Amino acid sequence: MPSLIDLSFAANGTPGGNPERPGAPSQGRDQSREDANVGATMERTQPREATVWPGGPGAIDQIVEGLREIWSRRLLTRYLIQAELTKKGADTLLGNVWWVLDPLLQMAVYVILVTIIFQRSIEAYPLFIFSAILPWKWFSSSINDAITSVTARDRIIKQVKFPKIVLPVAAVTGGIVSFAFGLVPLLGLILLFYPHHLSPTLLLTPAVAVVQFAFTLPVAIVLGAVNVFYRDIGNVVRHGLRLWFYLSPALYGVDQVAHLTDRHRILAWIFAANPFTTFFESYRNVIYSGVPPLWPELGAWLFVSLILLGMAILFFKRLEPSFAKVL
Amino acid sequence: MFFRRHRPAPQPVDYAIDVDRLGVQYNLRFTRRTTVHGTFKNLLRPRNGPTHFWALRDVTFRVRPGESVAVIGPNGAGKSTLLQVLAGIIQPSAGRVDVRGNVSSLLTLGAGFDQDLTGRDNILLAGAFLGFDHREMLTRLPEIIAFADLGDFIDAPLKTYSQGMRARLGFSIATAVEPDVLLLDEVLATGDAVFREKSKARIVELLRAARAIVLVTHDMHWVAEFCNRAILLERGQIVADGRPADIAALYEERSARARAEREAQEAAAIARIRAEVASEAAPTARG
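Each protein sequence line maps, in turn, to chains H and A. Each residue of the first sequence is one higher than the one before, starting from 108 at the first, in the numbering used here. Each residue of the second sequence is one higher than the one before, starting from 1337 at the first, in the numbering used here.
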């Protein structure tokens, strides 16, 4: 065993890695077939041969295989989520209390900062920012969980063959639970303090959440794989997320920065390219303003997210064979 | 060569594991502590030395059903890497590996458990990782718990377990599913006398059902007791393959010789240093 720790390096499976053996046949296609049916049945009847990258399985094959793995291992995903919830103490009363209190306290901080220090006044400002803080907390905690999702399971990765892609998927899917808990104080806030903001469009919140989920998934999958090779990616991401949040219309509305975006084209570009502009405005529409979300923009981001998801799965599948060697 | 070319379709399988000229290469650039920071540092100041390393090279062997093979050898010989390739965890860099049937591979038993979950939850989680059917796992749960014999600890978090208890739970899971091929890495070192007897009985049972077992161990008593074949691995290559008693004896002999060589080298080095010190000291003493 000590030898494993000393000799943990990356695979030969990176592009350009070339087995020195001249006689080694490269039959990557066999391998993709073999891997595809492992998920459900554990049957291992196809021989595994050395893979040389350019001749490896095709991109579409690998994406389909990744999706099949996610689907066939949904039970594992469920267990992983349950394990994570148990660890976060969500099965205790206090654990749930914190899930409710946490976004409320964060909201209180921003309310104090903006209304008292900056002297800005927006009608029902607590509700205004809460409808952005809640989805952002969901996004950022999902990403943070996903970054370490693969590396945290390093020991089981070195012992059992299973599709590693379920790890970031479980991290992101598990985040839905905390988001759902956050809806409790949101509803309380509306009913207790802003009953005139209650509107049937509130029921459209899950529609926006679906698009956000579709966008979060590829980001999480890519970062989960990158962290295997660069363990300090979390530090970079943490600051990136903070900047991202302030550049998104969370504490302010898009109309409030209109004078800035008119003058600086680059800012307008940033807002247009940021999916959270659409997400936050849409959440605010259905929760705060009582109007439908930005359907066309949401549709466009769903489309983009699905393309990103395909690329992310491909990226993950290409790196996956090296995980056990690097970890 | 003639046989190879004209071999008929491999319908009747007379082996459980077929390893043909297997090679596994590691890339030394990506080590455990790779960081963005470190990569920039390496770009500025490239390190010298080899970038690749063959952990296994030209390894060829077959295991028939009913065989229990011990893989022995010094640290760093590639034993654990070999098990990982057989389990499908690491892809071969060269050659071919063919493992037939279900593989159970909780390699180092108990190391992959989740510390914060109970024993019961860990059984289900391990089953899900291994890809076993959920319903089958639930029906086997009482059996696994009974075999592990942990008493009330089965509902306590794993972090409260002793090393031996973890190994018991791991062994119980790995063998409960009746795999065609069982891979075990350093498992028999732990556990008390009673559990050793039980696990021995379980392994004999698996062997009788024509399953194949490959296990890595340093304990030569277990090699003789559990295995009907042994492979000696050194520096990623098979040195010897045969009866456990012979191979174990060969291994002891070779490691004794290696130890003697190392001691001789150390003695020579010490003698050289002493001589240097003496020659430096001599003129000053005289002057």
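In case anyone wonders, no lab produced these hints; they're calculated from the structure. The structure presented is a predicted model; accordingly, all values stated were derived computationally and were not measured. Among the clues, some could well be false.
In the DSBU-like style, the derived pairs of lysine-lysine whose C-alpha atoms are separated by at most 30 Å in a straight line are [as the list claims (entries may be wrong)]: (1) A:K1495 to H:K194; (2) H:K194 to H:K244; (3) H:K244 to H:K195; (4) A:K1536 to H:K195; (5) A:K1534 to A:K1495; (6) A:K1495 to A:K1536.
Here's how the hints hold up against the structure:
no.: 1; hint: A:K1495 to H:K194; result: 13 Å, holds
no.: 2; hint: H:K194 to H:K244; result: 19 Å, holds
no.: 3; hint: H:K244 to H:K195; result: 16 Å, holds
no.: 4; hint: A:K1536 to H:K195; result: 39 Å, violated
no.: 5; hint: A:K1534 to A:K1495; result: 24 Å, holds
no.: 6; hint: A:K1495 to A:K1536; result: 27 Å, holds
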